[in-house]
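Spelled out from the first residue to the last, the chains are:
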Amino acid sequence: DVKVTQSSRYLVKRTGEKVFLECVQDMDHENMFWYRQDPGLGLRLIYFSYDVKMKEKGDIPEGYSVSREKKERFSLILESASTNQTSMYLCASSLSRRSNEKLFFGSGTQLSVL
Amino acid sequence: SQQGEEDPQALSIQEGENATMNCSYKTSINNLQWYRQNSGRGLVHLILIRSNEREKHSGRLRVTLDTSKKSSSLLITASRAADTASYFCATGKYGGSQGNLIFGKGTKLSVKP
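From first to last, the protein sequence lines stand for chains Y and U. As numbered in my numbering, residues 1 to 114 make up the first sequence, in order. As numbered in my numbering, residues 1 to 113 make up the second sequence, in order.
These are calculated hints, taken from the structure and not from any lab test.
Heads up, simulated SDA-like pairs for lysine to any residue below, C-alpha to C-alpha not over 20 Å straight-line:
hint, chain 1, residue 1, chain 2, residue 2
1, Y, Lys70, Y, Thr5
2, U, Lys105, Y, Asp59
3, U, Lys26, Y, Arg44
This one's a predicted model, so the numbers in the text were calculated from it and none came from an experiment.
With the hints as constraints, model all of the structure from the sequences given.
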């Protein structure tokens, strides 16, 4: 089975801190995604990547950046965390560049910014 | 903007009953997918139906797709307490970015033993 691993299950950070959320997949998937999930708003796409060193903005990229130096790893960076970035962050991957393949999700990171 | 919208937002049934959830969307799609999320966890893919398919089955799951009405339904038959979860539809926009799915806000299903 494909495994998508997010480095932290729960994270508490202070306003202004730089935050790194790490995601690793073990099945050589080309596409990787970062979503955030908030009550009443559903899942919203922050950034995605379809190749090493490639990234594309999703619907809500403001306040975030990403890094994909290796195919298996996709990092989400909050340059200066703010309280409105308190959320559940979900990483996902899919096999290939063919459009709209099924996604494999990690278990999520619940981030609280105080 | 949200592509898929699930209905109802919440559903409570007894074990053994069937559960039906609906999803409507706005633009042309190449496929529609359903996912399940247990409380506080990641999403798990359940089933994918392509735009040229009308119905698909997987175990106790039955999905229909009506592209003329831009809608889909997910039926869970003989529900169990373990089916308690949130269910999301996700659409792959025709001609859209590679792998970019748009999710609805979900239906929260509660199955009482």
